[in-house]
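**Student:** As given, the protein sequences belong to chains G and Y, one line each in that order. When you line the first sequence up against our numbering, it's residues 1 to 229, in that order. When you line the second sequence up against our numbering, it's residues 1001 to 1327, in that order.
Everything labelled a hint here was simulated from the structure, so no lab data went into it. Backbone N, C-alpha and C fix where the C-beta goes; we use that ideal spot for every residue, glycine too. Possibly wrong hints are sitting among the right ones.
[Stated by the list, open to error] A few chain Y residues that don't get close to chain G, going by computed Cβ distances all over 10 Å:
#, residue
1, Leu1020
2, Tyr1024
3, Met1130
4, Thr1213
5, Val1214
6, Ile1216
7, Met1284
8, Glu1286
[To be verified] Quick look at which bits of chain G chain Y covers, simulated, 3 or more residues with Cβ under 8 Å:
#, segment
9, 59-71
10, 76-85
11, 88-96
12, 100-106
13, 140-154
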Amino acid sequence: MNLLQLSHISAFYGQSQALFDVHLKLKAGEVLALMGRNGMGKSTTVKVICRMLKHRGGTLSFDGQNIADLPSYKVARAGIGLVPEGRRCFPNLTVLENLVASARPGNWDGAKVNELFPRLAERKNQMAASLSGGEQQMLAIGRALMTNPRLLILDEATEGLAPVVRQEIWAAIAQLKQESGMAILVIDKSLKELATVADRAVILEKGRSVWAGEFAALSPEITDRYLGV
Amino acid sequence: MQREQLINATTLLALLAVPLWAWYVDEPFTITLATKVAIFALAGVGLNLALGLGGLVSFGHAAFFGIGGYAMGILASHAQTYTPLASWPFLLEGTKSMPVIWLVAMVMSGLAALAVGALSLRTTGVYFIMITLAFGQMFFYFAISWPAYGGEDGLSIYVRNGFPGLNTLDPIQFFMLCYVLLAVVLFFFARLAKSPFGMALNAARQNDERVQTVGITPYRLRLVAFVISGAVTGLAGALFADLNRFVSPTMLSWQTSGEIMVFIILGGVGRLYGPVIGAGLFIMLEHFLGGLSEFWHVYLGVLLLLVVLFARGGLIGLLAGKEVAHD
């Protein structure tokens, strides 16, 4: 059974239609790469999944349950953790407070997050606003993990980070895949790194899902046509 | 020890030292002023939970202050005239016991905050300010048009209510009572701010949408904070009415809401001890400048402008730096 399933999703920003016909399936324990050029609807799809934007057409289910009518906080409690684009930690809380404020019962706690990102333990009493971009990204991932999700959504998790920090983030994602068994939906532009973790991929083009399949089946023709690489 | 913690400790010690000195040199008026500071600080600390930590600019907190005052006035007036509050369905008598009055004041103002908060927290920004102001004025006009308890003239209590083992008519003993209550509430709020609840409330103030994506309901959090805030402000109202042995609709007016907010802004919004410093400064200005000119509010206005323009973290922010202290 699919953990997450989107069928024929359409969504609007006011009068402007952003998603036309998005299909997406994700099984438990699977890593799915959601790909596409800028402005094709990747982050809008994430907003629809997390109920930060209401869709107008189509169906949306998580673990067999229709989540279309749930508010954001109930979707999070159902088991969807989001690492948003641009990180957006709570700037006036310390690292520890950011984690504690988000904590929900489950396997993931502060100690496990610190194990995954030892740098957070070193910075635990530092204000989130004073962290480097990479550390903020680690905190954003840690904060999402503290909600003990069954599905982790990473929206542009390595964007704008230094290469060394990017490697750390990708290593953490690989570790999460191997050890936690949680499903991961990852949005990123780096094909090389995505190839190391992703099982399957979905490509969006102008608000429509135009390609879906095994990540290994992505041919140069497809990436050239839809991703411009 | 961080600089802010040092300022906080000094503030609390100064608030204790001044009335003790006044008691030693037999200056009861100064003790009364210090008592007023402690009570206003308590009201400010109550509002600061909603305003500083929760980002809720409530212009209706005078309603809770006044409800606390009227809870004291009504219970004490019935006790002093030996008439029951109600005789059906069961006999309900007044009381002169402070702990009972405090409990009733906190419950009544907490319930009022629950009703006001449940409706007004569905709005944000300027609408929230206006709806809390409207609720506050509703309570104010209700008190004015309630002749059974003095209406516009207010309600006088002949003797201050009692506390087991203390002579509350002795200014220093009544001050100590208010001071201990303030210290207990400060301790409780310091723990609350560091609890997961406090952190989530703070996070909701910083980014409403983002806290929802980690499974937190901002509305419920804010409502709980608003109720606690209202109950503590109500407790301060009961003490204030006991200090003056008088309660009137003025306690519920929007000017009172504004004054409580001024304490917080002067001391530092979101700073635990901000309202304590703010209330101290306000009372000092009222006392010293009020003696020089009846237009002392003009100077207060200028000071407030300077603080808002040049010291965003209030006086504590100015002295301790921008960041709120963290252990």
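**Student:** If a hint holds in the structure, say so; if it doesn't, say that too.
**Tutor:** Tested hints:
1. Leu1020: The claim stands: Leu1020 of chain Y keeps its Cβ more than 10 Å from every Cβ of chain G (closest is about 36 Å).
2. Tyr1024: Label holds. Min Cβ-Cβ 42 Å, cutoff 10 Å.
3. Met1130: Holds, since 26 Å exceeds 10 Å.
4. Thr1213: 5 Å, violated
5. Val1214: Violated, because the least Cβ-Cβ distance between Val1214 of chain Y and chain G comes to about 4 Å, which does not exceed 10 Å.
6. Ile1216: 6 Å, violated
7. Met1284: 31 Å, holds
8. Glu1286: 33 Å, holds
9. 59-71: As far as the segment 59-71 of chain G goes, the hint is violated, because 1 residues have Cβ atoms under 8 Å from chain Y.
10. 76-85: holds (count 5)
11. 88-96: Holds: 6 residues of the segment 88-96 of chain G have a Cβ under 8 Å from chain Y.
12. 100-106: holds (count 5)
13. 140-154: With 4 residues close enough to chain Y, the hint holds.
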